Amino acid sequence: MNDYFDCNIWLDADNYKSANGIYSTALSYTKSPEAANEFLLRQYEKSPERYYAYTAAPVMRWFDVDLLVRSHAACIRLFPKRLNFSLAGSETEPLLKELESRRLPVMVWHTETTWSEISAVCERYPMLPVIIDGNDKKLLYHNRVFIPLMLKNLNLYLETFNLIQYLFYETLVNKYSIDRFVFGTNYPQNSPLAPLNMLLSADIPEEAREKILNGNIKTLISNII
Amino acid sequence: MTAGGLIISNMYIDMHTHIGETPEFHFFDISLKTFLKKMDSLNISYAINTHMDNLTGINYIATAEECLRIYEESGGRVMSYFIFNPHMPKECIEIINKYAGNYVFRGIKIHPSIHRTYADDDLYEPVYITAREYNLPILTHSWCISPHNDTQKYSVPGLFEKHAKKYSDVILILGHSGGRSEGIREAARMASHYPNVYLDTSGDVYPLGFIESLVNEATAEKIMFGSDAMWICPSTQIGMIKGAEISQTDKDKILHVNARRIFGI
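Taken in sequence, the protein lines are chains Z and F. For the first sequence, position 75 (counting from the first letter as 1) is numbered 74 according to numbering that gives the first Met the number 0, and the numbering increases by one without interruption. For the second sequence, position 57 (counting from the first letter as 1) is numbered 56 according to numbering that gives the first Met the number 0, and the numbering increases by one without interruption.
Note that these hints are calculated values from the structure, not bench results. The model shown is predicted, which means the values in this text are computed figures rather than measured ones. Backbone N, C-alpha and C define an ideal beta-carbon position, used for all residues, glycine too. Among the hints, a few may not be true.
Negatives, chain Z to chain F, calculated, CB over 12 Å [said to hold, decoys possible]:
hint	residue
1	D2
2	F38
3	R69
4	L82
5	R101
6	L139
7	N152
8	E169
9	A201
10	E209
Listed next, the stretches of chain F that the computed footprint assigns to chain Z, with coverage defined by at least 3 CB atoms under 8 Å from CB atoms of chain Z [stated by the list, open to error]:
hint	stretch
11	27 to 35
12	99 to 110
13	159 to 169
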């Protein structure tokens with residue numbers, strides 16, 4: 000079995016077989032971005048080999064990018080709907096500019112925004128990697144939107160646990176030459192074997208499979224300034 | 000009744016598939032040739048199809064003929080369900096009467112949400128009577144109340160209880176195992192309580208422990224592998240089943256043994 004780097008693990012998953020990954024916490028939207036970041040910083044002290052998805056919003060009591068990057072920030076999660084701001088609104092500009100300057104990817108559930116806002120952010124901040132994942136709503140009925148967006152915006156990535164469509168990878172990789180996917184499982188809410196088996200069994204070049212399982216996210220992390 | 004074509008005992012059977020397309024999103028490739036190639040790559044020997052045209056249209060005669068063609072072109076590997084529309088019972092039963100007993104059609108599909116008729120409605124009486132007459136299992140869509148799709152209210156598992164109890168000799172398969180949370184719990188309870196009620200794994204539901212919980216509640220004898228292809232890639236369901244913390248014997252039952260028994264393959 001190919002090795003993989005899981006970019007979508009939610010903490011309380013200490014028994015997960017793979018420590019290779021990016022850890023998030025639901026405190027981001029059940030309590031506050033600050034509480035989530037303080038929690039993840041404590042996790043970093045315990046497990047400094049792991050990477051973490053910290054959280055941001057346009058206004059916060061504290062947000063120290065330097066500290067977060069030093070503490071293995073792999074990306075910054077944004078929850079516009081739940082935290083009551085607009086992804087593409089003017090209130091978010093300073094934050095996104097700062098993240099773009101650091102090449103620090105943002106990760107957004109597609110259920111937390113709109114594809115129009117995602118498109119606007121990708122265009123305004125071309126050096127900002129934008130990773131779209133989701134929560135309990137698969138990327139099945141959106142393909143007439145996100146395929147053109149991925150063709151147009153080279154900074155747009157999709158996380159894999161939502162990608163369940165028949166012939167998805169064969170079509171996106173082989174026909175459209177799009178391989179900007181980052182492997183994630185939404186563990187422990189979801190079975191990791193579902194997205195993994197779909198990717199491992201896809202009829203695509205090994206080079207593309209390896210990029211999706213490992214290479215893309217590691218490149219994004221290595222580009223963080 | 001036995002299937003035509005090749006029988007390979009350890010290959011999987013995908014008992015919940017759809018050939019064709021619907022308008023709500025872009026299907027990448029709907030060709031039978033590609034579908035068979037994907038089946039081969041995933042160790043799937045047979046699939047049973049509810050043709051999309053039977054869900055989106057009412058030209059049931061033409062669609063039945065298309066199912067015959069698919070069966071022939073697939074070398075007997077892609078079989079089909081009849082459709083029963085409670086608002087067009089005469090037309091649907093006529094087709095069942097015409098083709099029941101051949102190898103192509105292995106069951107009858109009902110879809111209360113698409114036909115906007117509650118699953119406990121007496122309009123479904125003819126399908127249960129006909130299923131009993133020909134010893135055909137019924138596969139139904141089942142889901143839970145959904146904030147995204149109001150029509151799911153027609154298909155909540157508890158609504159099937161009336162007919163499952165009355166027609167206890169007719170096998171009723173709750174497709175999608177009730178869909179989400181409350182629906183899954185209700186579907187599993189029904190499969191546990193009624194000997195003739197079964198579940199399938201199709202749909203976009205992959206919670207960790209999902210298969211284990213169905214097995215614990217309903218036993219592996221009552222669960223079958225289904226994918227919902229050509230919407231969804233069967234590899235996701237296979238991965239979830241193979242990764243479940245259940246015995247290999249139970250995995251085999253879910254992946255192919257039960258379907259061979261229920262559908263006579």
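Hints versus structure:
No beta-carbon of chain F comes within 12 Å of the beta-carbon of Z:D2; the shortest separation is about 17 Å. Distance check on Z:F38: its Cβ is at least 22 Å (rounded) from any Cβ of chain F, clearing the 12 Å threshold; non-interface status holds. The beta carbon of Z:R69 is kept farther than 12 Å from every beta carbon of chain F, the shortest such distance being approximately 32 Å. The Cβ of Z:L82 sits about 21 Å from the closest Cβ of chain F, beyond the 12 Å cut-off, so the non-interface label holds.
With a minimum CB-CB distance of about 34 Å to chain F, Z:R101 clears the 12 Å threshold, and the non-interface call stands. Interface exclusion of Z:L139 from chain F breaks down, the closest Cβ pair being 7 Å apart, not more than 12 Å. Distance check on Z:N152: its Cβ is at least 19 Å (rounded) from any Cβ of chain F, clearing the 12 Å threshold; non-interface status holds. Non-interface status of Z:E169 relative to chain F is broken: a Cβ of that chain comes within 12 Å, the nearest being about 7 Å off.
At roughly 8 Å from the closest C-beta of chain F, the C-beta of Z:A201 falls inside 12 Å, breaking its exclusion from the interface. Look at Z:E209: its CB is around 18 Å from the nearest CB on chain F, clear of 12 Å, so calling it non-interface holds up. Only when three residues or more bring their CB closer than 8 Å to a CB of chain Z does the claim for the stretch 27 to 35 of chain F stand; here the count is 3, and the claim holds. Here the stretch 99 to 110 of chain F counts 0 residues with a CB under 8 Å from a CB of chain Z, which misses the bar of 3, and the coverage is violated.
Evaluation of the coverage hint for the stretch 159 to 169 of chain F: breached, as 0 residues show C-beta separations to chain Z shorter than 8 Å, against a requirement of three.
Checked against the numbered hints given earlier, this structure breaks hints 6, 8, 9, 12, 13; the rest are met.
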